[in-house]
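Chains as they are written, first to last, in our numbering: chain A, 1 to 165; chain B, 1 to 96; chain C, 1 to 661.
Check the hints yourself; a few may be wrong.
As the list claims (entries may be wrong) - The calculated DSSO-like cross-link candidates involving lysine-lysine, where the alpha carbons are at most 30 Å apart (straight line), are:
no., chain 1, residue 1, chain 2, residue 2
1, B, Lys90, A, Lys91
2, B, Lys78, A, Lys161
3, C, Lys635, B, Lys90
Hints were generated in silico from the structure; no laboratory data involved.
Residues per chain are reported as follows:
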Amino acid sequence: MMSDWLIYFLGAIAILSACYVLFTSNLLFAAFALVLTFISIALLYLVMGAEFIAVTQIMIYVGGIIVLIIFGVMLTNKLGNEPPRSGSHNKFIAALVSVSMFGLLCFAIVQMNFSNDMIGGSLLQIKKIGQVLFTDYLILFELAGILLLIALIGASVIASKKDAA
Amino acid sequence: MMLELFIVSAFLFSIGLAIVITRKNAIFVLMGIELMLNASNINLIAMGGANGQGVFFGLFVIVIAAAEAAVGLALVLKIYHHYNTIELDKVNELKD
Amino acid sequence: MQTTTLITNWDFNGYWLLVMLALPLLSLGMNVAFSKNERLPILSSALLFASTFIALFLLYSTWNSSLKFNLNWFSIGSNSYTITLLVDRISGLMLFVVTFISALVHWFSVDYMRDDAGRNRYFALLGLFTFSMLGILVTSNLLIIFMFWELVGLSSYLLIGYWFNKESAAAASKKAFIVNRIGDIGFVIGLAIAWFNFQSFDLLVIQESLNSSLPGVTVNLISICGLMLFLGAMGKSAQFPLQVWLPDAMEGPTPVSALIHAATMVAAGVYLIIRVSFLLSSDALLVVAVTGAITAFMGAYAALFQNDIKKVLAFSTISQLGYMIIGVGVGASDAAFFHLLTHAFFKAGLFLGAGAIIYAIHKAYPSDDVDAQDMRNMGKLKSAMPVTFSAYLVFSLALIGIPFTSGFLSKESILLGSMHAASTQGGLYWLVAGLGFLSVILTSFYVVRMLALVFFGTRRNSNEKAIKESSVTFKIVLLTLAVGSIGFVWSYNPFSVDSSWILNSINLRKYAQTELPHLLTSVLSLICISVGAGVALLGHKRDRLVPKNRSAVIALSLNNWYLDDIYQFIIITPFKALTRFLKQIEIKVLDRVVHLMAVSTAVLSHVIGWLDRHIVDGFVSASVYVVGRTGILTKSIQGGKVQSYILLAILGLIIIIFLVI
Chain A
1 MMSDWLIYFL GAIAILSACY VLFTSNLLFA AFALVLTFIS IALLYLVMGA
51 EFIAVTQIMI YVGGIIVLII FGVMLTNKLG NEPPRSGSHN KFIAALVSVS
101 MFGLLCFAIV QMNFSNDMIG GSLLQIKKIG QVLFTDYLIL FELAGILLLI
151 ALIGASVIAS KKDAA
Chain B
1 MMLELFIVSA FLFSIGLAIV ITRKNAIFVL MGIELMLNAS NINLIAMGGA
51 NGQGVFFGLF VIVIAAAEAA VGLALVLKIY HHYNTIELDK VNELKD
Chain C
1 MQTTTLITNW DFNGYWLLVM LALPLLSLGM NVAFSKNERL PILSSALLFA
51 STFIALFLLY STWNSSLKFN LNWFSIGSNS YTITLLVDRI SGLMLFVVTF
101 ISALVHWFSV DYMRDDAGRN RYFALLGLFT FSMLGILVTS NLLIIFMFWE
151 LVGLSSYLLI GYWFNKESAA AASKKAFIVN RIGDIGFVIG LAIAWFNFQS
201 FDLLVIQESL NSSLPGVTVN LISICGLMLF LGAMGKSAQF PLQVWLPDAM
251 EGPTPVSALI HAATMVAAGV YLIIRVSFLL SSDALLVVAV TGAITAFMGA
301 YAALFQNDIK KVLAFSTISQ LGYMIIGVGV GASDAAFFHL LTHAFFKAGL
351 FLGAGAIIYA IHKAYPSDDV DAQDMRNMGK LKSAMPVTFS AYLVFSLALI
401 GIPFTSGFLS KESILLGSMH AASTQGGLYW LVAGLGFLSV ILTSFYVVRM
451 LALVFFGTRR NSNEKAIKES SVTFKIVLLT LAVGSIGFVW SYNPFSVDSS
501 WILNSINLRK YAQTELPHLL TSVLSLICIS VGAGVALLGH KRDRLVPKNR
551 SAVIALSLNN WYLDDIYQFI IITPFKALTR FLKQIEIKVL DRVVHLMAVS
601 TAVLSHVIGW LDRHIVDGFV SASVYVVGRT GILTKSIQGG KVQSYILLAI
651 LGLIIIIFLV I
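All chains, full assembly: derive it from the sequences and hints.
Below, the structure is given as structure tokens:
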């Protein structure tokens with residue numbers, strides 16, 4: 001099946017680029033690898049038939065969050081000829097924890113024994129999503145908006161040069 | 001097919017966890033958090049639910065992730081102003 | 001303790017009993033509290049007379065039904081200890097005599113001790129003495145009796161050593177105390193056996209269980225118990241071989257001697273042995289009788305050639321106490337009690353009379369170069385002190401046992417008992433009776449000798465005008481006691497013992513009367529008396545009453561059978577040698593051992609110190625080091641690094657999930 005191969009392929013790209021984020025010491029390369037991961041995840045959403053989410057993913061993550069991160073990198077590093085680098089620690093125990101976490105999650109997944117049916121987001125069209133958002137999930141939608149506003153104000157207050165205290 | 005998606009998401013989650021734990025740079029930690037949020041989002045979208053609630057949950061998760069990223073980066077900047085570094089092993093005032 | 005609620009059958013007489021007990025105690029308290037008051041002695045005498053009247057009243061009201069109260073004292077476990085207050089005819093009579101004699105002695109002492117600096121202390125001690133003696137009399141509980149018994153011992157010790165500045169007085173009081181302790185050991189053992197056998201100290205209970213003959217009671221043990229109590233009585237009543245303290249007790253003031261000899265101290269022993277005589281088996285009674293006989297003879301013999309008037313009286317007391325013990329031993333306890341009463345009167349009179357004479361001579365010769373107690377310094381006092389003489393004569397005749405005196409009646413009844421025992425049981429009882437009659441001869445000899453030396457003959461070391469008749473107080477006291485020593489007071493028919501109201505009222509004897517031994521006894525004793533008196537009068541005629549040369553016989557008498565020297569030789573010298581030996585052991589062995597122990601302790605402490613410093617401290621510092629190291633190691637976990645916290649949190653989460661799965 002075409003979609004199966006797509007999922008394997010995109011999943012592999014996402015995992016590999018995530019691993020690159022994990023192992024690289026260059027911040028900017030890590031950010032670009034993260035972009036690759038996000039895009040492949042967005043494509044995975046498309047494969048699953050959730051077009052709206054896929055688009056949102058690309059817009060917010062690739063267009064917003066990664067840009068924010070790159071700004072952060074630039075603001076927190078004295079940029080010169082050398083690339084911004086950062087090391088890592090706790091390697092061994094972190095590996096242990098992560099592997100055991102992965103094992104645990106896999107165990108749980110196998111235990112749950114899902115039906116293999118694909119009930120993707122394709123069942124919902126964009127128009128219907130819009131309708132439902134403004135009817136059933138109206139309050140949540142508004143709350144999300146308020147949350148974003150608060151986050152915006154908070155972020156600007158926190159990041160402002162003046163010490164509030 | 002669901003199984004593979006779940007495993008991919010579990011893998012991404014573990015990598016995100018590893019990043020959060022190991023990397024010294026605070027921005028790397030933020031990246032790891034985003035990765036973990038995405039991993040969980042894959043699960044939500046994949047399961048979907050009878051009326052597609054999964055999609056809406058995924059949507060709100062993305063929104064919250066955005067807010068979180070904004071606040072997180074603001075904090076990182078503040079830390080940078082305060083300590084002149086964002087290497088977390090050097091930011092250890094909690095010790096005392 | 002709430003005594004008032006626990007008393008059963010408490011009535012009017014019981015309160016009087018307590019008041020009577022309290023009065024001497026009040027006298028003691030007052031004299032201690034106001035030790036400088038001049039008039040207190042008179043008040044003390046008044047208190048004692050009041051006590052006497054109460055005793056008389058009690059005697060009257062308990063004559064027909066004895067007074068008996070039970071007080072719960074305390075209880076240990078299931079054993080409850082009761083104090084039984086008991087006043088029957090015997091103790092009622094004793095109460096009266098004790099309070100009466102004590103009151104007279106108090107009154108007498110008011111004059112006698114007038115010039116003494118510490119006389120309030122003296123009267124306080126007299127009060128204590130009387131109180132202790134009354135305490136013995138009012139209860140039937142042996143333990144309580146023992147307590148008061150010890151109090152009597154204590155107060156006698158204090159009174160004999162009243163002039164404690166005198167070396168001899170201090171030694172005499174010590175001697176009295178120690179010899180009494182020997183007897184008291186017997187008393188304590190007797191108490192223990194009594195409790196072991198009867199689970200009670202109460203004489204009434206013991207008598208009851210003895211009559212009902214419980215299966216657990218062994219006859220031998222009871223006899224031993226009785227003999228042990230008798231040992232206690234021997235100490236108090238100065239029986240052979242514990243009589244040595246009594247002559248030395250003359251070191252106390254003369255009225256105290258009167259009190260000790262007549263009413264309180266020595267009477268306590270006889271009273272006790274009369275009370276517990278039911279415990280004694282026939283063998284034990286024989287022991288008692290022989291002891292009494294030996295004491296009577298030894299005392300009388302020791303009195304023969306004494307020159308000190310008080311010493312004569314002291315040895316006569318020992319002799320008379322021997323008679324009382326004979327009375328108990330031959331089964332005539334009532335006779336013994338009778339003799340105790342009559343003896344109390346005439347012996348108190350003798351001592352107080354002697355006190356009056358000594359007082360008079362002391363007044364006449366204030367300087368100390370004349371020994372006021374030595375009969376060789378007296379003589380022809382009859383004309384100088386006629387009233388004292390007449391009273392003294394009555395007492396002396398009573399002591400000898402001349403008819404028409406109280407002494408005749410009581411001594412007669414004792415000798416009658418001994419004759420009866422001898423004729424029925426034979427054996428050693430013949431010895432007892434023989435010694436009894438022999439002592440009568442000796443008694444009559446030394447009494448007549450004393451009278452001759454003191455009141456007749458030539459004035460030896462005194463001038464005509466110096467000796468004055470006694471004061472009114474002395475006279476009244478002496479005459480009162482003289483009345484008590486006359487036979488008519490005790491019996492309607494002064495020749496017949498059997499018509500004595502005392503003997504008839506307390507019938508304790510264990511044999512029936514017969515006519516023949518009665519007459520025989522009277523005649524025999526009269527013959528004995530006349531023999532002794534005749535010899536003494538003969539000696540007086542030839543002026544040989546004070547022997548010029550000291551033969552062995554006389555020396556034996558003068559030194560009281562060398563008992564003191566024998567004890568010195570047998571007991572005290574070996575004991576001192578033993579103490580010296582023990583002292584040597586102490587120095588040579590014990591001290592060295594102690595020294596060695598000290599040295600080894602020091603060495604050991606050094607070793608321990610080293611161990612402490614190097615091992616214990618090392619252990620401590622090692623643990624400190626380990627803890628410190630662990631702290632440094634674990635400090636890295638608490639490193640203030642956010643990621644370490646996350647790591648640990650997730651690790652913990654994973655472990656929890658693993659555990660749950």
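Comparing the hints with the structure gives:
1. Lys90/B with Lys91/A: At roughly 17 Å apart (the allowed maximum being 30 Å), Lys91/A and Lys90/B satisfy the hint.
2. Lys78/B with Lys161/A: holds (8 Å)
3. Lys635/C with Lys90/B: Holds, because 16 Å separates the two Cα atoms, which is no more than 30 Å.
Consistency note: the structure conflicts with none of the earlier hints.
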